[in-house]
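Kindly produce the complete structure, drawing on both the sequences and the hints.
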Amino acid sequence: MNLYNIDKGSGVYIQIGAGAGDLDSRSNYRDGFTEFIKRLPREHIKKIILVEPNPLNIPLLKECWKDYPESTIYEIGIVPKSYQNDTIDLYYCPLDGPHYQVASIKKSHIQKEGHYGPNCELQKFNISATHLENFINGITTENIELLSLDIEGVDAEVILDTNFTNLKLKYLSFEHYHLEDKREQVLNHLKNNNYEFLGLGVDYQGFDYLYINGDFK
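Quick note: the sequence shown uses the working numbering, first residue 1, plus one each step.
Hints are computed from structural coordinates only; laboratory data are not their basis.
Just so we're clear, the structure is a prediction, and the values are computed from it rather than from any experiment.
Glycine included, C-beta positions come from ideal geometry on N, C-alpha and C.
One or more hints might be untrue.
Claimed, not checked - The following label-pair restraints were derived from C-beta to C-beta distances:
1. G199 to N85: 34 to 40 Å
2. G117 to P69: 41 to 47 Å
3. P118 to F207: 31 to 37 Å
4. D215 to R42: 36 to 42 Å
Said to hold, decoys possible - Below 25 Å or equal to it, Euclidean Cα-Cα: the simulated BS3-like pairs (lysine-lysine) are:
5. K112 to K182
6. K38 to K66
7. K66 to K47
8. K62 to K46
9. K106 to K81
10. K124 to K81
11. K62 to K81
12. K46 to K217
13. K62 to K124
14. K112 to K124
15. K8 to K168
16. K38 to K182
17. K81 to K217
18. K191 to K168
19. K46 to K8
20. K47 to K217
Take a look at the structure:
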């Protein structure tokens with residue numbers, strides 16, 4: 001995010017998949033979006049919109065942002081448009097506690113090799129759900145300075161079925177680590193929506209790409 005220009009922004013920031021913010025002990029109390037925002041001069045912050053579907057994470061997320069009255073937390077899941085119901089099951093592995101970093105609407109995301117494998121006995125919450133465009137356009141009509149996406153297991157699907165011309169969005173930071181066979185589709189979709197690659201995004205481990213809307217250059 002060192003390519004980010006703080007001097008000409010709208011001050012509206014959205015994080016989809018906020019987790020426990022910078023209070024997750026298993027992440028060494030680090031979160032890239034949170035660190036980025038908390039480094040900004042306060043006069044550059046107008047709204048912080050935080051989306052987290054896991055109810056177990058909400059208390060610490062509130063604690064993380066308690067000194068920022070500009071912040072609002074939405075306990076809801078963002079899902080691909082192939083899901084049409086207004087609720088959905090969110091699965092998690094008990095071994096992934098206390099903040100369930102790979103909780104997902106897709107069982108396969110949690111049970112794949114490299115996470116918890118097929119033998120993990122999953123538990124679930126039933127959560128409210130909506131689509132990205134509907135959510136954003138329902139809560140603000142302002143220009144969005146930065147949208148940070150980390151939706152375990154469905155990042156690619158959500159990006160691919162989002163018409164970014166319907167969003168007043170300047171910067172997009174999203175996790176590229178699990179795009180897998182949809183990687184080229186995602187990058188081409190962003191290009192076709194007039195987004196240009198800038199470099200690494202907010203993730204402190206370097207797992208995010210940063211794109212800018214060409215209309216804002």
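Hint by hint, here is what the structure shows:
no.: 1; hint: G199 to N85: 34 to 40 Å; in the structure: holds (37 Å)
no.: 2; hint: G117 to P69: 41 to 47 Å; in the structure: holds (43 Å)
no.: 3; hint: P118 to F207: 31 to 37 Å; in the structure: violated (24 Å)
no.: 4; hint: D215 to R42: 36 to 42 Å; in the structure: violated (27 Å)
no.: 5; hint: K112 to K182; in the structure: holds (17 Å)
no.: 6; hint: K38 to K66; in the structure: holds (12 Å)
no.: 7; hint: K66 to K47; in the structure: holds (14 Å)
no.: 8; hint: K62 to K46; in the structure: holds (18 Å)
no.: 9; hint: K106 to K81; in the structure: holds (14 Å)
no.: 10; hint: K124 to K81; in the structure: holds (21 Å)
no.: 11; hint: K62 to K81; in the structure: violated (29 Å)
no.: 12; hint: K46 to K217; in the structure: holds (21 Å)
no.: 13; hint: K62 to K124; in the structure: holds (22 Å)
no.: 14; hint: K112 to K124; in the structure: holds (17 Å)
no.: 15; hint: K8 to K168; in the structure: holds (15 Å)
no.: 16; hint: K38 to K182; in the structure: violated (33 Å)
no.: 17; hint: K81 to K217; in the structure: violated (30 Å)
no.: 18; hint: K191 to K168; in the structure: holds (16 Å)
no.: 19; hint: K46 to K8; in the structure: holds (13 Å)
no.: 20; hint: K47 to K217; in the structure: holds (22 Å)
When held up to the earlier numbered hints, the structure conflicts with 3, 4, 11, 16 and 17 and fits the remainder.
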